[in-house]
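Student: Listed below are the residues making up each chain.
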Amino acid sequence: MPRFLSSRPDSRLIPLPWELPLSQWPEDHLVALPRGISRHVVRFIKVGNAVYAAKEVLEHLALHEYRLLTELHRAGTPSVEPLAVITGRLGSEDQPLDPVLVTRHLEFSLPYRSLFAQGVRSETVGRLLDALVLLLARLHLVGFLWGDVSLSNVLFRRDAGEFAAYLVDAETGEMHPRLTDGQREHDLAIATTNLFGEFCDLEAGKLLDDSLDPQRLVDSILARYRELWAELTGAEEFSDTEMFRIEKRVRRLNALGFDVAELAIDTSPDGSRLRIQPKVVDAGHHSRRLLRLTGLDVEENQARRLLNDLDTFRARSNQASVDEAVVAHRWVTESFAPVVAAVPDDLRGKREGAQIFHEVLDYRWYASQREQREVPLLEATAGYIRDVLTTLPDEAIAPEAVHLDGRQLANPYDPSAGFVDDSDEPMPVDPWEDIEESEPEPGPAYLDIDALRARSKPSPQ
Amino acid sequence: MATVSFQQATRVYPGGDKPAVDKLELEIGDGEFMVLVGPSGCGKSTSLRMLAGLEEVNEGKIFIGDRDVTDLPPKDRDIAMVFQNYALYPHMTVADNMGFALKMAGIPKAERDTRVMEAAKLLGLEEFLARKPKALSGGQRQRVAMGRAIVRQPQVFLMDEPLSNLDAKLRVSTRTQISALVTRLGVTTVYVTHDQIEAMTMGDRVAVMKDGLLQQVDSPLALYDHPANLFVAGFIGSPAMNLIEGKIVEGGVRVGDFVMPVAREILAKAAGEDSLVLGVRPENLVVAEQGLAIDVDLVEELGADGYVYGTMAGLDTAEKLKAQQIVARISTRTPPQRGTSVKLNVADPKLMHVFSKATQQRLND
Ligand SMILES: Nc1ncnc2c1ncn2[C@@H]1O[C@H](COP(=O)(O)OP(=O)(O)OP(=O)(O)O)[C@@H](O)[C@H]1O
Ligand SMILES: Nc1ncnc2c1ncn2[C@@H]1O[C@H](COP(=O)(O)OP(=O)(O)O)[C@@H](O)[C@H]1O
Ligand SMILES: [Mg+2]
Ligand SMILES: [Mg+2]
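These protein sequences, in sequence, are chains A and B. This note's numbering puts the first residue of the first sequence at 1, with every later residue one more than the last. This note's numbering puts the first residue of the second sequence at 1001, with every later residue one more than the last.
The reader is advised that the hints may include incorrect statements.
So, partial list: chain A residues that the calculated Cβ filter (under 8 Å) puts toward chain B [as the list claims (entries may be wrong)]:
| no. | residue |
| --- | --- |
| 1 | Pro17 |
| 2 | Thr180 |
| 3 | Glu433 |
Treat the hints as calculated values from the structure; they're not laboratory data. Values in this document were obtained by computation on a predicted structure and should not be read as measured data. Backbone N, C-alpha and C define an ideal beta-carbon position, used for all residues, glycine too.
Throw the hints in and build the complete structure from the sequences for me.
Tutor: Here you go:
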């Protein structure tokens, strides 16, 4: 009898064929979506109209990852949402099967391989790295030591002109009250090694723009991270004639998307010098404000864009004196909602609502420039749908994963299994494998003290 | 090649009230395979990061060879930290999968090729170098991962739970391969695990830690046969050593209605205490005429040998649930039956351990 551990149980999970190894699940439970490579068996499963990610993994790791993801989620750090761990699985011959960790499939998420497969300009790579670095800094701020930073362990979502990064793989993570510099450096060392490998792999697969060099890319990660970390946590000293620097620091942090919840300000005994240091910063400066005003829950840069549009709306309609929340409500009903509602159902899988709104604003700006007139929002929306949206690939759940990297996957559900056209020459003889094969399955975990004694000299009594 | 030495090395985390690693004193020989083992949170990873230069040493010193590295940055220490990264990149050949970190370190191509070839020979992977990793088995993937570490040719390898995400079978075969390889290479290695079986089967010596304190460091057999204290006694070995508390009486220690004889010199060391803890390995218990009366709860047969699990006889159900389990290794020719009662005695009294309850130390020698 499988056992379900979950704080938000979804009863539709119960009748799934848990007695089968994930790799043998019938196709009618599966969806082929783009995803990163993995050591474990990972499948996307359909449960009613929801899509979940299922990963078969050792019990202690499944529970550890479930708990950590729950904690990260609670701390508001971008990460996939854990749903359940299924333990106690028995196969058809009553052999024990590894537990499965189930997370909610992150909608509109883009694994880096499918982004690169579409061809990525070098500025875009820079934006992806910015998103990754921001995620890493946010994780470090809450005391999370990741231990396996890599592009494969991140999902990207479009965020206005930028990207937002989410953590998907917390298996090696540890949570501490505060990380030391050494712990952060450790994560950075892991990040650079893994990303260097991943960029070399893209290069070998001819998916990396020629102007990009793996070494320079990983160097830039370090530089970006250090700069961001210094801004988020570093102390600044100045004389009492430069008080404006307090305000300036807060604004810079806001611009980076952070609110300052606690700022330590120390003065020298004679009061002539000040030292400021942010103690607690919370990401989501713009998205929180937008959520409060409109109830829209969107990514940070999308929120920034939407708030700008809201400000313009307010100025235009001469409502400067009207309560902000009232204007915000009118903006949603008169601007935002009509644009999103204009998107035909069959195109909704291509972009998420807030992203469409952002892209429509861009489209309108260019159209207005071109036509030397102010193009109305709904007209721009229609033009955007006609000229842009229809030509875009589906990103909500894109079944073109089968042709990842322009090549056909050997197994549409598993990119780790390589490509159809990889050499299928017979494997060379490997004597080590025969030795491994001939070893018996290990029984219960006992220490074989007799074998140990036989190997060593008898210990003196 | 190099020795490693921790000299009273201490790490207190900012805001921490007690050290995560407390005055660690540990000498690791040139080419030695040293395993740090202990329960989660005992300070193993912190010790490793201190050696790597990633964690500040608040007190004490660390030496690699005769160099004091206490304040050297990581890159100047000539160590390789092996993390669990064994993602294999699908577009790259096995050779590139093994050598990419050297490329990042700026090592010239010719040198990289030589090192990758040498490592491949050691790992039986020459035939695979030009292939893509697609069809490699789990074991072969593990070997490529080991290759990644070997090609770096450091003075010291640091490995933090590299096997923790492998299934049981792969874990067993890989641990054999790692220790064989490291022995052949003769590179000093510090290996961290929470799994005492892994520690005992891999280490030349094993350092047992608890709460930031080194409890004992010794060869696996010495730890097994001469545990310095109750913690080591209970932690090392599985099934674990039976640790049975009893009252000191004339000539021994009384457990239930049986008196285990204990030598006068040992009892003398416990002056002022009224009870002691006896430690008996499961293989040092035999079914006998006289001994501790045990109700047999479970018999597990594993080939010629097996284990009997039981509790002290004569307890009622409620007491039984709380009672300590006694484990004996027995020959399965005439195994006791579940639900019956047997008497267990110590086979070789010289191998019985006696611990002070007050100091937790072993009193035998
Ligand atoms: N909830 C999710 N939503 C979307 N994609 C997901 C989700 N969970 C996993 N994936 C995809 O599956 C891939 C593999 O998952 P994951 O990294 O957890 O596997 P893994 O075997 O632990 O990987 P690794 O080899 O890095 O340890 C990810 O790269 C990601 O693309
Ligand atoms: N950044 C930190 N801040 C405070 N305590 C920490 C931090 N990192 C680790 N610790 C604590 O230090 C102790 C030792 O941790 P660690 O070396 O990771 O142990 P192990 O590797 O043996 O599991 C634990 O109690 C852990 O919680
Ligand atoms: Mg992963
Ligand atoms: Mg993982």
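Student: Report holds or violated for the interface hint on proline 17 of chain A, using the least CB-CB distance to chain B and a cut-off of 8 Å.
Tutor: 21 Å, violated
Student: Quick check on the hint: glutamate 433 of chain A CB to chain B CB, less than 8 Å?
Tutor: Interface hint status for glutamate 433 of chain A: holds (6 Å vs cutoff 8 Å).
Student: Interface hint check: threonine 180 of chain A, Cβ to nearest Cβ on chain B, cutoff 8 Å. Holds or violated?
Tutor: 6 Å, holds
Hint 1 from the earlier list is the only one contradicted by this structure; the remaining hints agree with it.
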